[in-house]
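Chemist: Next come the chains, spelled out residue by residue.
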Amino acid sequence: MNLKNISIALTVLVFGVIAMLFMQKGNYVNQAKEHYDATTAKSFKGNSMVLELVNNGLDLNKATWAIACQALQTVKTSQDMARLEAKFFPATKGTMSLANKTRRFEASSANVIVANFGKVEEDKKTGVKSLADLQSVDVSVLLGNVVTAAAESEEAEEGEE
Amino acid sequence: MDRKKMKILVVVDTVILVALIIILMTLKGGYEEQAKRTANEQESAYLEQNTQVLVEQWRSIDQYGMAWKLVYSMLSGAKTEAAFKANLAAIEGDKDARFKQISHVYTGAGINDAVQNGIYQKAGLAEGTILVKNEKNVKEVACGKDCVVKFTFAKGKMKSVDYSALVEYNLAKTLKIEKPAEYHFE
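Chain order of the listed sequences is Y and H.
Its first residue numbered 1, the first sequence is counted upward by one per residue in the numbering used here.
Its first residue numbered 1, the second sequence is counted upward by one per residue in the numbering used here.
Warning: the hint list may mix true and false statements.
What the hints assert, rightly or not - Calculated pairs, EDC-like style, for lysine to aspartate or glutamate (alpha carbon to alpha carbon, straight line, at most 16 angstroms): (1) H:K145 <-> H:E168; (2) Y:K45 <-> H:E48; (3) Y:K33 <-> H:E43; (4) H:K133 <-> H:D146; (5) Y:K33 <-> H:E41; (6) Y:K33 <-> H:E182; (7) Y:K42 <-> H:E178; (8) Y:K33 <-> H:E33; (9) Y:K45 <-> H:E178; (10) Y:K42 <-> H:E43; (11) Y:K45 <-> H:E43; (12) H:K173 <-> Y:D59; (13) H:K179 <-> Y:E52; (14) Y:K101 <-> Y:E122; (15) Y:K101 <-> Y:D133; (16) H:K179 <-> Y:D37; (17) Y:K119 <-> Y:D80; (18) Y:K87 <-> H:E168; (19) H:K36 <-> Y:D37; (20) Y:K76 <-> Y:D133; (21) Y:K25 <-> H:E33; (22) Y:K33 <-> H:E32; (23) Y:K42 <-> H:E48; (24) H:K173 <-> Y:E52; (25) Y:K4 <-> H:D2; (26) H:K36 <-> Y:E34; (27) Y:K25 <-> H:E32; (28) H:K176 <-> Y:E52; (29) Y:K4 <-> H:D13; (30) Y:K42 <-> H:E182; (31) Y:K76 <-> Y:E121.
Said to hold, decoys possible - Which stretches of chain H does chain Y cover? Using the computed rule of at least three CB atoms under 8 angstroms from a CB of chain Y, they are: (32) 2-12; (33) 32-43.
What the hints contain is simulated information worked out from the structure, not anything from laboratory work.
Just so you know, these numbers come straight off a predicted model, no measurement behind them.
Cβ atoms here follow ideal geometry from the backbone N, Cα and C, with glycine treated the same way.
Make a model of the complete structure from these sequences and hints.
Modeler: Take a look at the structure:
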């Protein structure tokens with residue numbers, strides 16, 4: 001009788017150990033999976049954010065560059081410049097400085113261009129002054145030289161239109 | 001069951017039990033090591049694949065920046081084939097300016113210096129020249145992944161520049177971070 005009990009207990013134990021063998025594998029696989037999921041999810045989130053932020057940032061950057069380059073091809077007066085700005089940024093207007101003969105357009109603090117004009121013109125009927133004879137477009141901010149353009153904004157006045 | 005068979009069963013059970021315990025102890029280390037190794041390998045492969053996308057983005061933006069600078073230079077300065085060559089050489093050669101311009105785009109997008117430096121360490125700057133077509137009257141420069149700017153010349157003078165690809169440039173169409181695949185235990 002005693003022997004019978006021992007043999008039953010041993011048989012149960014054998015099956016128990018077999019079950020443990022399989023559970024042990026599952027346990028390690030789960031631990032590894034958790035680590036893998038956490039690491040890859042963090043990488044996915046972080047890198048996707050960088051990719052997206054930079055891609056979105058390019059939208060402002062390319063539109064500002066486009067204004068600068070198209071201005072060199074088509075713009076003569078500050079009104080032309082205002083129209084070009086509105087084509088790319090309907091909600092943002094540049095600011096004009098009659099004293100400096102410049103028109104500064106700021107899509108964002110990182111995306112700024114300054115158009116330099118040769119003369120100030122006055123509409124004889126309305127007396128409104130504007131700038132004419134585009135000389136150059138300063139893109140130093142777009143090239144990463146942020147200091148240059150920050151100084152330009154000080155004497156800016158509200159643009160026409 | 002008679003006593004003799006019981007005895008045999010007890011002996012067999014004991015032998016199996018001891019064998020199983022030995023197997024259990026042996027496999028324990030094996031499973032643990034294997035699970036860690038496969039997880040690390042798959043993590044590294046995924047991280048590397050992700051990093052490669054950011055590397056490609058960084059280099060594309062280098063080309064993008066150089067292309068804009070070249071277009072701007074050609075529109076604001078001398079519009080000749082000789083000026084094109086000189087501008088291109090000057091822009092490509094000024095590596096500090098290139099880094100500054102890329103970094104400016106990233107900073108403007110809200111990416112901090114540490115992340116930028118991490119990418120720059122792996123990406124460097126775009127390799128080779130951006131000049132992808134150099135025929136007598138037609139020059140094309142790469143302006144990023146799947147982006148080309150075309151300059152047309154006649155008798156050494158620039159006739160036109162088509163930079164519409166730059167104005168419409170959209171990296172989101174070509175670069176994507178893939179979701180991680182499921183972990184698999186090999």
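Chemist: Hints numbered earlier in the text: which of these fail when held up against the supplied structure?
Modeler: Violated hints: none at all, because every hint is consistent with the structure.
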